[in-house]
Structure formats: structure tokens, C-alpha cells
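Enquirer: Now for the letters of each chain:
2 protein chains.
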Amino acid sequence: MANHLVIMAGGIGSRFWPMSTPQCPKQFLDIMGTGRTMIQQTFDRFGGLIDIEHVWVVTSKNFAELVREQLQGINPQHILLEPCMRNTAPCVAYVSWKIQAEDPEAAVFVAASDHLVISPREFQRCVAQGLDFVCGGDRILTLGMQPTRPETGYGYIEQGERIADPTLETHDAGKKGRRPSAFASLLSPIYKLASFREKPDLKTAEEYLETGRYTWNSGMFLWQVSTIVSELRQYAPEIAEIMDKIAPTFFTVKEQAMVDKLYDTCPKISIDYAVMEKTQLAYVMPAEFGWSDLGTWGSLHTLTPQDDDRNAVIGDGVKMIESEGCMVRMPQGKQVVIQGMKDMIVSEHNGTLLICQLSEEQRIKEWH
Amino acid sequence: MANHLVIMAGGIGSRFWPMSTPQCPKQFLDIMGTGRTMIQQTFDRFGGLIDIEHVWVVTSKNFAELVREQLQGINPQHILLEPCMRNTAPCVAYVSWKIQAEDPEAAVFVAASDHLVISPREFQRCVAQGLDFVCGGDRILTLGMQPTRPETGYGYIEQGERIADPTLETHDAGKKGRRPSAFASLLSPIYKLASFREKPDLKTAEEYLETGRYTWNSGMFLWQVSTIVSELRQYAPEIAEIMDKIAPTFFTVKEQAMVDKLYDTCPKISIDYAVMEKTQLAYVMPAEFGWSDLGTWGSLHTLTPQDDDRNAVIGDGVKMIESEGCMVRMPQGKQVVIQGMKDMIVSEHNGTLLICQLSEEQRIKEWH
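Protein chains in written order, with the numbering used here: chain G, 1 to 368; chain L, 1001 to 1368.
Calculated from the structure, these hints are not laboratory results. A portion of the hints provided could be inaccurate.
From the derived model, a few chain G residues whose C-beta atoms are all more than 12 angstroms from chain L [to be verified]:
#1 53
#2 158
#3 202
#4 204
#5 247
#6 256
#7 278
#8 323
#9 334
#10 339
#11 351
Distance condition first, Cα-Cα at most 25 angstroms in a straight line; then the derived PhoX-like pairs of lysine-lysine [unchecked claim]:
#12 G:365 <-> L:1334
#13 G:261 <-> G:245
#14 L:1278 <-> L:1254
#15 L:1342 <-> G:319
#16 G:319 <-> L:1365
Keep in mind that this is a model prediction, so the values were computed, not measured. Even for Gly, the Cβ is constructed at its ideal location relative to N, Cα and C.
All chains, full assembly: derive it from the sequences and hints.
Expert: Below, the structure written as C-alpha cells:
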């Protein structure tokens, strides 16, 4: 039973312009200036847990070359190319059908390609616990991010009943009688998943926080491939039917043509709505490894180390003078002097420069 | 009696960073985005009045190549290279001694290489009148810029007695009896030059404006070469002596070596102090052709056409949103979005970006 990683890399990151462009969106960029792109960081984060031969990427046809360049060593048969965007349910179905064809016993972690994790060690601990948990039975687990503020930019997950025993024993069920591992004391609680909630208004978000029963929906899922395929068959039979038609061509030269022909007949629906809200097998594990979907410049500002004047500066040639609360992201080596700026974004990428108020970041996509 | 143009091009324009750099200062840049550099515009401005074979440039040794590139067709013997900066008196002496060696009857216009003129037609009218005036006798004429505001960044010239008849007759003295030219009615008044005044404080500048007897010192001079050489001999004998030593090498391969050897023995003194304040031959003609020394980004802001929100934008890829009072100067073709900025300078040149408050422009030279 091998662990597989599915990286969803079809997004276009329009709010992160000018760094993110339709030709090279956020997941293929080194947003944080660390030397690794977001998708590379996503892959790196699983180091030691999941091998490159078990990595799968679902992306747009336009980005195939970027994926091959940035994740060298990936099996080209594991790069799945969507001819059009059909939200996450068809995407999950396609990759799950294909993983099942290769490894029917696979345990799968589904992750977005462009999210940020601050503590990779705690992330790995959560992944390990989650994989153990879903391997212990027919379970669909989502990682809920412990909220740190009444964020209105994320969806929320409501927790149901706490399950009795999320220990290693669930996975080691075959080895009764052994003493519980010392790791048992490090395990996170796991809950039945009660419901998904759309992005709330501020008042609702504050109420969510107060109850302690809501976490942010990060879009990270874990399951055995057999479980999700079975649930998709039950709750999204339309999609399952299409996948069954494509399946005979998997790993052949005819696969892409078949996908191109049938994929856009799938309904546009998220995996949350298609399966998670209906299945009886859904669980949520609150996690605290410092997470952001890096959806906006403001989230990057929050997560980048700041100087005493709350400036977050990425780029080694930037000199800040009498400025505060700014998010500055300039190419390495570029000489920049910024004086007298407050709460602004300054970002240049591929020769395009954006200067705007942080408070107006939601409008960035209107301007280019 | 030919008309000659001397362009002083030794400045370093440090307040105009990042456009202006020690390697390529302001006069060699297309600051206004017109397709012509400042020194080219300076030359262009005399089109029809002074031919390229009568143009002289005094500049630093570092800029010889830039001058040759930008003023193609100039006689290489007319590019005078200062080994060090000694203010304007030695510079004027050097070029005057050399012009006299080539054309003892020359009438000369001395201009800075990096100033802006808004109305070239009125400029040419003033030049023509000025050349006629100095050709009519032993006279040293300076063009005083009619002040439009109590500027504290310029020196001022005090006017003395108005001279009786600045008409064309002064030049046509040999043709008595002819009716005065119709141009006579277009002529500007000319005054004896009473004194030079240093950059004033605001109160003093306001008083100057009120009297109507002060103009800005633009550093534009006109004279016959014989007049200025004679006055330099009288009032700056030290400098004259040095020029007499260099003169035998003019137009030979030994000239530069001799200049390099002797030039730094000249006193550091401006032509204003060395000659203009002492001579009995100094006159001032108020002129109104829209002038700026373009010393700062603020002056460029004032002089560039502005949109309804007082933004002056140079660069065809710049989009201004909810911004006002900004001076933006970006390379042609560069895509830039600027939102929510007020009274700021945004300028990029050679890959270096400056963003700062217009009010702080005097500090720019500290930042690079």
C-alpha cells in the first residue's frame, strides 16, 4: 500500500498579478524568493513521505511543460492535462481513476500546488497521521486549518462529533496487543465532518471562531483511492460514467484525445459538493502548521518576515526609507529605493510593475 | 562674423537619480520622453541660427564618447574635455580662447546642456535679438528668465537702468537712413546688469517678484569672443595666463596633455563672479520662453503635461488609477499600474526604480 501525492495545479492566480500571469500562474513562481517555486515547495514538503514516482499532477494543457521543467523526475504519465476547467470533482475523478488503474491499494494525499505552509515538520506529522487514519478503513479525511483570525476570504468546515480513538492503533489494527506507540500522545483529534460553509461575512466568521468548532477549508484531502472512486460512483455517477469511458485508454497514446473529447461533458462541480457533503465517510482533522492559500498580496505580507515598520520585503536590492506596512516583491538584484510609502504593494515581475494600496488588492485582477 | 554655440555639458545631475547617473547624467538622457536627449534638444533649439560646424561642447573627459554619439557631425576639435571641474570661468575661458584662435570675429551663445525651453520660437527670437545686440558693440548679454513664482532654487539677476534703444538699428549701425525693421516692435527691453543675487529665501524671493526688477539667472550668455577674452584678461588674469600657455597647442595632438597638466591650476570660480559682476559691459535681457533648469523631478512635474489629477506621466505603458499629483517616468513599453498614490515620484531607469514623495526630492541624492 503506497502513498501517492496528487498536486492540483490548474489555477490561474489572477489576484497575484503582475507576478502571476495566465502564461505562468502563481504555482509556477518563486513567490517567496526562496529559490523554489510554489509547486516545487509543495512537492518538497512531502520529502521522505512520498516518492517522486508516486506524484501526480493535474493541470491545464498549457502548463504541461512548466510541470515537467519544475518537477523533474516525475513520470510523464502522471501529468494529467485538463483541456478545460471543470472545478475539482472531475479533476479528482480523473486522477483517482488513473491511480486506481496503476495501484488499486494507493493511499492518496490531494494538495493544492500554490499554498504556503510555515512549519513543514508539523505538516509532515499531520500528513503521516492522516495517511495512517485513512489506511485504517474507508475514510475520507480533510485537513481543517485552525483559524487564527475571523478570515472572510476562506470557506469553513464545521466539525461534528469527535471520534473516539484517532491513535496509531487504528492503522495497526492487525497488531493487537502491542503497546500504543509514544507517538499516540502527539496525535491530533479527528472529528466527523458536519458541513461545509461558504466564505462568511465578518460577523459570521467571528461567531465561527468563538465556537471553536470551525476550521478553514484548505482543500487538502486524504483517502484510499478505492474509497473515493466508490464514493464518486455513488454520489457523482455522471462523472464516474465519463471516467469509465476514458479509463480503457489510460497510459496509451489515445488517452489525451479521449480526455479532450469527453472532459468538457463533465459537470462543473467541486469535490466538496459532489462528495464530501454527501458521504458518510468524511472526517476533519484540525491542523496548525501555519497555512495560507497565498491568495492575495496581503496574505503574502502577513506571512513574510517583516521589519520594524511592518514592511515585508522580498528582493535583495530594495532599500526602504520612511515607509511602513508595505509588501514589496522585486526581482533579485534589482536596485530599488522606496521612500514615504504606507500600506502599499510594490511588485515587479517580468518587467511589469504594480504599485497599489494593500487595501485594494481584491481589485488587482481588474487592472490588467 | 559667424554665430557660434557653446554647450556646457559637465554637470552630473545628482538630484535626478535614478535617471541621471555619474556614468550618464541628465544632459545625455531623453528625460522628457521625446526621442531626443537634453543636449540634443539644446542643439536642436538653435536650428537655422547656428550651424553644427560652429557648435562647441565643454564637458568632462568621461563624456566625450556620449557627446560624439549624440551630436553627430560635430567637429571633434570642438569637444573640449575638462580633466576636472573648475566651475564656469575656466570653462568659458578655455572655449573662448579656442574659438578666438579659429574665428576671432565669432559671436557666441553660451548655454547649459540640460535646460528645458517650452517655446522654441520665442527662444529663437531672443537669441536672434541677443546676437544682434552683442554684435553691435563690446557687450556681454545675459538672458534673465522672467520669474513666474517666488522660486528659491534659482539665483536672481537685478536689472539696472534700461538702455535707450535695443532695436535692430544697433546692429545695422552701418546702414543709417534705412527705416527701422518691423521686427523692432517685437524686441525685448534690455537693461544694464546691476547685480547677481544668490538663491534667496522665500520672503526675499517674494520681494524680488514684487519689484519687477529681478529675473532668474539662467546661465545663458552672449558676447563677441573678443569681448569676453578681453574681459577675462582684465578681471581673471590668473586664468588668462593659463589659457595663454595652453593656446599654442590648440588643434594639435598636444592640446589635451597640456589641458590635463594646467587646467587644475585654475581657480574654482564662476563666470558670474569672475567677470559679470565686475565688468562695465554687462546687460540683461528678460526673456519669457518657458524655461527650467530641470534641476529636480518637481520641475519636470511642473513642466510635463498633466492629466486631470495633476499626474505627469512619461512612458506609454503607464496606467494611473485613483492617483494624483504624481510624477511618473518609466521606460517606453514598460507595463505599469499605479493605484492610490498621491504626490509621489515613480521613476525607473536602467533597471533601477525610485519611489518617493515629491516633497522629499532634494534628498534623492542621499539615497543612492
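Enquirer: Would you mind marking each hint as holding or not holding in the structure?
Expert: Tested hints:
Residue 53 of chain G, annotated as away from the interface, keeps every beta carbon of chain L farther than 12 angstroms; the closest lies near 41 angstroms. In this structure residue 158 of chain G is separated from chain L by more than 12 angstroms, as the shortest Cβ-Cβ distance comes to about 38 angstroms. Interface exclusion of residue 202 of chain G from chain L stands, the closest Cβ pair being 23 angstroms apart, more than 12 angstroms. Interface exclusion of residue 204 of chain G from chain L stands, the closest Cβ pair being 29 angstroms apart, more than 12 angstroms.
Annotated as non-interface, residue 247 of chain G keeps its C-beta farther than 12 angstroms from every C-beta of chain L; the closest such distance is 45 angstroms. Annotated as non-interface, residue 256 of chain G keeps its C-beta farther than 12 angstroms from every C-beta of chain L; the closest such distance is 35 angstroms. Interface exclusion of residue 278 of chain G from chain L stands, the closest Cβ pair being 43 angstroms apart, more than 12 angstroms. With a minimum CB-CB distance of about 9 angstroms to chain L, residue 323 of chain G fails to clear the 12 angstroms threshold, and the non-interface call is violated.
The non-interface label for residue 334 of chain G is inconsistent with chain L: the shortest C-beta to C-beta separation is roughly 6 angstroms, within 12 angstroms. The claim that residue 339 of chain G lies off the interface is violated: its Cβ sits roughly 4 angstroms from the closest Cβ of chain L, which falls inside the 12 angstroms cut-off. Not every beta carbon of chain L lies more than 12 angstroms from that of residue 351 of chain G, the smallest distance being close to 6 angstroms; the non-interface claim is violated. At most 25 angstroms may separate the alpha-carbon atoms for a hinted pair to count; residue 365 of chain G and residue 1334 of chain L meet this at roughly 18 angstroms.
This hinted pair checks out: residue 261 of chain G and residue 245 of chain G have alpha carbons roughly 11 angstroms apart, not beyond 25 angstroms. Among the hinted pairs, residue 1278 of chain L with residue 1254 of chain L is inconsistent with the structure: their alpha-carbon atoms are about 34 angstroms apart, more than 25 angstroms. At most 25 angstroms may separate the alpha-carbon atoms for a hinted pair to count; residue 1342 of chain L and residue 319 of chain G meet this at roughly 20 angstroms. Of the supplied pair hints, the one linking residue 319 of chain G and residue 1365 of chain L holds, its CA atoms being roughly 14 angstroms apart against a limit of 25 angstroms.
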